[in-house]
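Keeping the supplied structure of chain A fixed, place chain B upon it in accordance with the hints.
So the protein lines, in turn, are chains A and B. Just add 87 to the spot in the first sequence (first one is 1) and you have my numbering. Just add 87 to the spot in the second sequence (first one is 1) and you have my numbering.
Simulated from the structure, these hints should not be mistaken for laboratory data. These numbers come from a predicted model, not from an experiment. Errors might be hidden in some of the hints.
Put simply, identical chains are the same to the list, so a pair is met inside one copy or across any two.
[To be verified] In silico SDA-like links for lysine to any residue, alpha-carbon gap of 20 Å or less: (1) Lys435 to Gly127; (2) Lys237 to Leu282; (3) Lys237 to Arg280; (4) Lys435 to Ser174; (5) Lys435 to Met125; (6) Lys371 to Asp506; (7) Lys198 to Leu361; (8) Lys198 to Arg210; (9) Lys371 to Leu491; (10) Lys435 to Gln307.
There are 2 protein chains.
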Amino acid sequence: MVNTLYLPELREMLAENREGELREFCTALHPARTAEFMEGLSTDEAWRVLAFADPSTRAQIFTYFEHHRQLELIETQDRDQVAAILSELPSDDRVDVLADAPNELVEELLKRLPADERRDIQRLSQYPEGTAGATMTSDFARIPETMTVKQALDELARQAESLEMLYYLYVLDEAGHLRGVVSTRQLVAAMRRPLTPLTELMETQLVSVHALDDREEVAQLVARYDLLAVPVVDDQNRMVGIVTHDDVLDVLQDEAARDAYQSAAVAPLEETYLRTPLLILSWKRGIWLAILFVCALLTVLVLGRYEDDLQRWAWLVPFLPLIISSGGNSGNQSATLVITALGRGEVKLSDWGTVVIREVAMGLILGLVLSAMGVVVSFLFAPVGIERWVIPVTLILVVVSGTLTGATLPLIFARLGWDPAIMSNPFVAGIVDILGIVIYMTVAYLILGSVGG
Amino acid sequence: MVNTLYLPELREMLAENREGELREFCTALHPARTAEFMEGLSTDEAWRVLAFADPSTRAQIFTYFEHHRQLELIETQDRDQVAAILSELPSDDRVDVLADAPNELVEELLKRLPADERRDIQRLSQYPEGTAGATMTSDFARIPETMTVKQALDELARQAESLEMLYYLYVLDEAGHLRGVVSTRQLVAAMRRPLTPLTELMETQLVSVHALDDREEVAQLVARYDLLAVPVVDDQNRMVGIVTHDDVLDVLQDEAARDAYQSAAVAPLEETYLRTPLLILSWKRGIWLAILFVCALLTVLVLGRYEDDLQRWAWLVPFLPLIISSGGNSGNQSATLVITALGRGEVKLSDWGTVVIREVAMGLILGLVLSAMGVVVSFLFAPVGIERWVIPVTLILVVVSGTLTGATLPLIFARLGWDPAIMSNPFVAGIVDILGIVIYMTVAYLILGSVGG
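Next up, chain A with everything else stripped away, as it sits in the complex (with noise of 0.2 Å):
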C-alpha cells in the first residue's frame, strides 16, 4: 500500500493551497510515512503542512522526525505554536528535542506551558544520560487501586485518548508507589464481572526498574521477560514513567551501532554518520588512532632488536605482514566471539576455564590448518632445508596466541569490571602484532641460529 504522492505535488498543493488534499496527505498515512514524505521540504514548507493536521495528529507526525529536523522547527517557527506542538508531544520525545535547544528558548517556551507540563519537563531533564529515567515517559495509565473492573474500564476509555501505551494499567496508592499492573487484556477479559475490584486481578509481583538503572540493561530485560512496557520507580518505590517497547528497540539499535563503532575504535557518535561535523568526527577517530599508533610503537622498538637477524635473514621480511595478519585475525575472531557472547549473557565470568580450553584447542586446529598453507607457501618462496620449517612453526604459535589473547583481555576486563567490548578488535590485533613479531623472530632465531650461528 506504497502511496504515490511524491514532493513536487505535495509542493504543488501548497502553493494553490488545496486544503482538503492537504488534510487528507496529514491523517491518510501512518505518520511515520507521512513524515518520509515530508522530509525534501525546507522548514518553513514543512510547517505549513503541519498546520493541516488536527494537533495530536501533528505532533505524532513531528514524533517521527529526525532529531535535527525537530530542532530546526522548534527553532525557527511561531513561538506560540510551538508551544502548543510541545504541549501534545510524549513526555519523552519532549525532553529529548529541548535538551538540544539554545537555553533562551526553552525558557521562552517553557514559560508558554501549562505549570504541570513544565514541571513535569523539568522533573524528567534531571535524570543523566543513559538511565532509564531519560528514556522513560511520563505518561502511562494510572488507576487508584480503590477500582473495580468497571471503573478502570471507563476511566480507561478517557485516558485512551491521551496515552502512548495503555497497554498496561498501573494501579497506585494514594503516595503514588506501584502496587500492581492489570493489562488491558486482562480487563477486557474481565468485562463480564464489572464489580470485580482491580486488587483482585492485578499483578502484584512486578517487574520494575531505578530511574537511574542502566538503560541497556533495562532494554535487555524488557527482551527476555517480553514485556511491552516496564515501570520506572524512583528511590521510594514511588512510580515516576514507564520504558516503552518502541524506547527499547531504539535504545538496543543505538547499542549496537554503538559496539560496531567501538569494534573499529571509534568513539560513540550523538549524531548519524553524514550530519557529524567533519572536525568531530575527526576527533572521535584520531583520538583511538593516535593511541593505537603509540601501541604501534612497540612494534618498531621489537623489531628495531632484530635488525641484524633481518639483514642475515632477509628471506623473512615479506612474510613479516602474513604472520601478523594470521595472528590479528584469529585474536579478533575469539575477542568478537567473547565479547558477543558476554554481552548477550551466554558466557559468564565463571566460564572462563571452559572458554580458554575451547580456544587453545580452537587455536590449535586453526593453526594447523594455516600452518598447513604455511608448508605449501614455504616450498614455494622459502629457501631450501630447514628454513622451511619456520614459517609453519611460527603460524601455529601466533593463531594460537591470538586466539588466547582475544579470548583472555575481554575476559579480564569484565573481571575488573570494565566494559569488555574496550578491548576491540585494533587493540586486540596490536597486542597480537607484537606477540607475533616475538614468536616469528625467536622461532627463526632457534631453527636457523642453529643453523647460521
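Then chain B, alone, in the frame of chain A:
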C-alpha cells in the same frame, strides 16, 4: 523484587513433594524468571516441577527455556504430555522447537495433536528460514468486518485467554483478506458507542508485509513505525499471521550479533558460543582465516619484489607493522562507519559523492596527525637526513588510502546489490596492507633512491 529461591530449596521441595510450595513457585513469578530459576535442574527434575503449573503457565515457562533444553524436554519425556504442552504453545514457538527435533518424534507428536493444530504447524513450517513467514505466529485476534464495537469487545473477551497478542484486532472478510485493523485502545475508547460498526472505526491504510519478506526488513519496518505487531499476508493478500514486537527484538539482536561476527570474519553461528561444537566453530572461523591467508600471500609477493631495497635500507623494516596498522586501523574505521550508516539507512547510495569527499578530507586530517607523530618517531629512530621524511610522508598517504578504501568498498558492494558487510574489517585491512606496502616502498624509493642511487 528478586526472589531468593534457589536450586537446593527447589530440589528439597521436589524430594519432599511439597505440592503447595511447588505450585506457588510456578505461578508467583514472571514465567521468564521461573524458567531462569529452573536452569540448573536436570531435564527430569524440570519436567516434574512443570507438572505443578496449570497448562497455560506450563507452556509459558516452556517458551522461556533455551532452545536446547526445549529439545531435550520434548525428546525425553512422555509423548502424550509433550503433545499436551505443544498444544498450548504459541504457534511460532511450537514450529521452532519441532523444526530441530528428529523426524520420527515429530510424526509421533503430530499424530497426538488436533487436526487444526497439525495443519497450522505444517503450514507454518513451509516458510524458508529468515522470512516473515518463519518468524510469525498464526495466533492473532481476527474479527469479521460485519461486527459492531460491542460485538468486537465480546469477541475479544472470548479470545483474550488464548492469544499471545491482542492489542490489535484484524478485520478480515469472508475469504480471509485483510480489510483493516482496530486497536484495543480504539475499541476501549469507543466503548460508549457500542453500536458503531467496526468498519467505521478501523484503520484501512495498513502497514503489512509479505510472508516471504526478509525478517530483518520486517523488523526494521516495525521499529520505524513503532508497531506492536505487523500483519503478514500471502500472495492473495489473505492474512496468515503476525510478527510481534518481541520477535522483532529477537530478530534485531540476532542480526546485531551476526553483523559483529561478520565484522571479524566469522560465519554466523546457529547456536550460542559455548553450545557450538568445536569443529563447527573451527570451520566457521577456519574458512575465512584461510581466505584471508590467501589474500595476505599477495603481501609476500609484493614485499618480495622489494627485497633488494629492504636490504639496502634495512632501517625501513622495523617500521613496516606501524605503517601497515595505521592504514588498516583508519580503513576499519571508515568501513565500519559506512557499513553502519548504510545499515541504518542514514547513508544512501546516492550520497556516495559526499561520503568520498568527507573520507578524503578526514583522511587528510587524520593523516596529518599521524604524520606529525611520525616526524617525532623519525627523529628518534630513523637515520639523520632526508631519510627522516619517509615515514611522515608515507603515513599521510597510507591513511588517506585507508579511509578511501574503507569507505568506497562497502559502497561498491552495496551498489552491486551485495551485502556491504561482506567488506568486513579483515578484508579492508588486507587490501590496505598491500596498498600500504606499495606506498611505503614507492615513497622510500622516490626519496632515498634520489639520495642513494
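Hints and how they fare:
1. Lys435 to Gly127: Intra 48 Å, inter 14 Å, cutoff 20 Å: inter-copy only.
2. Lys237 to Leu282: For Lys237 and Leu282, both the intra-copy (6 Å) and inter-copy (19 Å) Cα distances are at most 20 Å.
3. Lys237 to Arg280: Answer is both: 8 Å inside a copy and 16 Å across each meet the 20 Å cutoff.
4. Lys435 to Ser174: Close neither inside one copy (46 Å) nor across copies (34 Å); limit 20 Å.
5. Lys435 to Met125: So Lys435 and Met125 pass the 20 Å test across copies only (17 Å; inside, 47 Å).
6. Lys371 to Asp506: within (18 Å within a copy, 26 Å between copies)
7. Lys198 to Leu361: neither (35 Å within a copy, 57 Å between copies)
8. Lys198 to Arg210: Intra 16 Å, inter 59 Å, cutoff 20 Å: intra-copy only.
9. Lys371 to Leu491: between (29 Å within a copy, 18 Å between copies)
10. Lys435 to Gln307: within (16 Å within a copy, 30 Å between copies)
Hints 4 and 7 from the list above are not met by this structure, while the remaining hints are.
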